[in-house]
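A.B. asks: Each chain, letter by letter, is given below.
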Amino acid sequence: MTVISVENVSMAYADRKGKNAKIVLRDVNIDINENEFVCLIGPSGCGKTTLLNMIAGFERPVSGKISYRGQEIIEPSYERGVVFQEYSLLPWMNVLGNVEFGLEGKEKDKEKRKATAERYLSMVGLSDFADHRPNLLSGGMKQRVAIARTLAMEPDVLLMDEPFSALDEQTRGKLDREILEIWKHNKRTVIFVTHNVDEALLLGTRIIMLSAAPGQVIKEWSLGDDREMTSERMVRLRKDIIDTLHLCPCAVRSVITIE
Amino acid sequence: MQILSNSEKKRTDIGKLVSETPKNSDSVVLKDDTPERIARNVIIFLVGILIVFAVWFIVAWYYNTFQRHTLSFPEPVETFRQMFSYLGGESMLRFSIFTHLFATIERWIIGYVIAAVIGIFIGMTLATSERAYQIGMVPVNILQMIPGLAWIPVAFLLFGLGNNTAIFIIAVSAISPIAMNVAAGIRRVPRVNIRTAQMVGLSKMQMFDRVLLPYAAVDIVTGLRVGMANAWRMLIAAEMVVGVAVGLGYTISQSVYMLDYVTSFVCIIIICIIGLFIDKVVFARIESFAKERLRTEVNE
Ligand SMILES: Nc1ncnc2c1ncn2[C@@H]1O[C@H](COP(=O)(O)OP(=O)(O)OP(=O)(O)O)[C@@H](O)[C@H]1O
Ligand SMILES: [Mg+2]
Chain A
29 MTVISVENVS MAYADRKGKN AKIVLRDVNI DINENEFVCL IGPSGCGKTT
79 LLNMIAGFER PVSGKISYRG QEIIEPSYER GVVFQEYSLL PWMNVLGNVE
129 FGLEGKEKDK EKRKATAERY LSMVGLSDFA DHRPNLLSGG MKQRVAIART
179 LAMEPDVLLM DEPFSALDEQ TRGKLDREIL EIWKHNKRTV IFVTHNVDEA
229 LLLGTRIIML SAAPGQVIKE WSLGDDREMT SERMVRLRKD IIDTLHLCPC
279 AVRSVITIE
Chain B
9 MQILSNSEKK RTDIGKLVSE TPKNSDSVVL KDDTPERIAR NVIIFLVGIL
59 IVFAVWFIVA WYYNTFQRHT LSFPEPVETF RQMFSYLGGE SMLRFSIFTH
109 LFATIERWII GYVIAAVIGI FIGMTLATSE RAYQIGMVPV NILQMIPGLA
159 WIPVAFLLFG LGNNTAIFII AVSAISPIAM NVAAGIRRVP RVNIRTAQMV
209 GLSKMQMFDR VLLPYAAVDI VTGLRVGMAN AWRMLIAAEM VVGVAVGLGY
259 TISQSVYMLD YVTSFVCIII ICIIGLFIDK VVFARIESFA KERLRTEVNE
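Sequence lines, in order, name chains A and B. Residue numbers for the first sequence follow the working numbering, beginning at 29 and rising by one. Residue numbers for the second sequence follow the working numbering, beginning at 9 and rising by one.
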């Protein structure tokens, strides 16, 4: 069943003077099915965050339509939980409080809220830090708390916007595997934005590539359960993705400007 | 000899403690230097006060020695002696000093509370949208530009002579800093935090309560503090001109007419002490509490 459908979506932002609008996405079509783990990749500035924001309901496309289970998306909802690209914890609440905050609109019972929050906090391995304030946490820990907050909402669709892009390779790899574990045990629909090909290969059941602005879907790949990075098939896939990335208009254009 | 700056000294002190702690422990106990710090602050305060009295004394002495015509310039000792005698119960302009004081404080509280309620409401309204802010800042800026006593014609027309006029002037001069700071504080809330709250499913009211107001707490307290200072200054000025029959500002103007300068000096001192107390003790506490809650202070 189609969970998220993006139909002929275009998006543009007016510049500061309001004279021109910059086209960020153009005629994007994507259908996402139940329990798919979709990785969106593409160069910086190609509109990945913009697309995710529209799926979340924070912004409306200038044309086209985005629907969630057949209903047009017009506002945010806790059915679609977002892990933001930037740090998003509330500084005056401790770690547990921040995770509980995710449940405030949904669960009225304080005790249940606390119990659920504690469960998800231990899932990301931060129970020991429950009473710390966010300013005492490292970047990776902050993002893990944000993930716990969004997971605690138990959203139908999980939207993750480069949650680990600010982290070092090692930490990122560790957290990627954690995410994969959580998803395997608790299947749901995920859209995961990244511009790291290896991360996409590790996590996704499907990879969708956007071109540089105005972003368009250039190509997509379906992956099986095989996650062996060194297998022949994966190596070939990886090469194909990287080649496509280099071929995309953005890369060509940047070469021209350099000359 | 090497002179270490304060933070440099603190750093090397901690370094020494670290080298003394066992290898398997990951924190050190820093010694509690609270009494030392209090002593230092008291000395700083006393020296500051001393400067004020020295200047006062010199001006009084100079005037009384070289410029004196008929009146003498009240000296510190004389003024404080008179103050204690008022505090001991001597009547000051028909009433006890406490009656004057309470009348002034009551006026101030009423005016200030009115200003705080209106100011916070305006500030929150301005922060609801960009358009509301652009439009709303025009009247708020105009309000800001009109000095408190310039409201006298308006106040006389609306309230006539007396208490309500004073309250009006106090309130009107505190509203705009409160409104401006509340609006600025709410507008500073990062978009990602607003979006988080929307995603979680909070209503508009819950959003104010759970995210916007806590985030803006420090700015709101700053606004209330500036508003308080404005109100306190206007209060005395208003009492001096709008015809109230009791109060410290009224006492100052009356005792000047009656050439009783010592009494007006006593009032000035009391006004100053109370203003300082409210600002430095009450509001500074609230402000540091809000900052602590928000953890906007850098961890030293
Ligand atoms: N609110 C906005 N107003 C104006 N322009 C915007 C706005 N949001 C995004 N843009 C522009 O839209 C384009 C796409 O931005 P977006 O954040 O979606 O890119 P992205 O693919 O997420 O990039 P990155 O990988 O660096 O996060 C950028 O050129 C950006 O400047
Ligand atoms: Mg982005």
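If you're looking for bench data, these hints aren't it; they were derived computationally from the structure. C-beta atoms are modelled at their ideal positions from N, C-alpha and C, and glycine is treated no differently. Check each hint, because a few of them may be wrong.
[Unchecked claim] List of simulated lysine-lysine pairs, DSS-like, C-alpha gap at most 27 Å:
no.	chain 1	residue 1	chain 2	residue 2
1	A	Lys267	A	Lys247
2	B	Lys212	A	Lys134
3	A	Lys140	B	Lys299
4	A	Lys202	A	Lys215
5	A	Lys140	A	Lys212
6	A	Lys212	A	Lys202
7	A	Lys93	A	Lys142
8	B	Lys212	A	Lys142
9	A	Lys170	A	Lys215
10	A	Lys138	B	Lys18
11	B	Lys299	A	Lys142
12	A	Lys136	B	Lys18
13	A	Lys47	A	Lys93
14	A	Lys50	A	Lys247
15	B	Lys18	A	Lys93
16	B	Lys299	A	Lys170
17	A	Lys138	A	Lys202
18	A	Lys212	A	Lys170
19	A	Lys202	A	Lys170
20	A	Lys140	A	Lys93
21	A	Lys142	A	Lys215
22	B	Lys212	B	Lys18
23	B	Lys288	B	Lys299
24	A	Lys138	A	Lys93
[Unchecked claim] Chain B regions said to be covered by chain A (calculated; three or more residues, Cβ under 8 Å):
no.	region
25	160–168
26	229–242
[Said to hold, decoys possible] Across the chosen pairs, the derived CB separations fall in these ranges:
no.	chain 1	residue 1	chain 2	residue 2	range
27	A	Arg44	B	Gln214	30 to 40 Å
28	B	Ile282	A	Glu114	17 to 27 Å
29	A	Arg266	B	Thr133	54 to 64 Å
30	B	Arg195	A	Ile102	21 to 31 Å
31	A	Asp196	B	Ile126	27 to 37 Å
32	B	Asp217	A	Ser193	56 to 66 Å
33	A	Asp196	B	Arg195	51 to 61 Å
A.B. asks: Holds or violated: A/Lys140 and A/Lys212, Cα atoms, limit 27 Å.
C.D. replies: holds, 25 Å
A.B. asks: Just to be sure I understand the hint, the distance between the Cβ atoms of B/Arg195 and A/Ile102 should be within 21 to 31 Å; is that true here?
C.D. replies: Distance hint for B/Arg195, A/Ile102 holds at roughly 25 Å.
A.B. asks: Quick one, are A/Lys138 and A/Lys93 close enough, alpha carbons at most 27 Å?
C.D. replies: violated, 37 Å
A.B. asks: Straight-line Cα separation of A/Lys170 and A/Lys215 no greater than 27 Å?
C.D. replies: holds, 24 Å
A.B. asks: Do the Cβ positions of A/Arg44 and B/Gln214 conform to the proposed distance bound of 30 to 40 Å?
C.D. replies: holds, 32 Å
A.B. asks: Holds or violated: A/Lys202 with A/Lys170, Cα cutoff 27 Å?
C.D. replies: holds, 15 Å
A.B. asks: If you draw a straight line from the CA of B/Lys299 to the CA of A/Lys142, is it 27 Å or shorter?
C.D. replies: holds, 26 Å
A.B. asks: Decide if the proposed pair is consistent with the structure: A/Lys142 and A/Lys215, CA atoms, cutoff 27 Å inclusive.
C.D. replies: Cα-Cα ~23 Å, so holds.
A.B. asks: Checking one constraint from the list: CA of A/Lys138 to CA of B/Lys18, max 27 Å. Satisfied?
C.D. replies: Not OK: A/Lys138 and B/Lys18 at ~44 Å, beyond 27 Å, violated.
A.B. asks: For the hint 54 to 64 Å, verify it against the beta carbon of A/Arg266 and that of B/Thr133.
C.D. replies: At roughly 55 Å between Cβ atoms, B/Thr133 and A/Arg266 fall inside 54 to 64 Å, so the hint holds.
A.B. asks: Does the structure keep B/Lys212 and B/Lys18 at a Cα separation of 27 Å or less?
C.D. replies: Since the Cα atoms of B/Lys212 and B/Lys18 sit roughly 47 Å apart, the hinted pair is violated (cutoff 27 Å).
A.B. asks: For a C-alpha distance cap of 27 Å, please report whether A/Lys93 and A/Lys142 respect it.
C.D. replies: violated, 37 Å
The structure does not agree with the numbered hints 3, 7, 10, 12, 15, 17, 20, 22, 24, 25, 26, 28, 31, 32, 33 stated previously, though it agrees with the rest.
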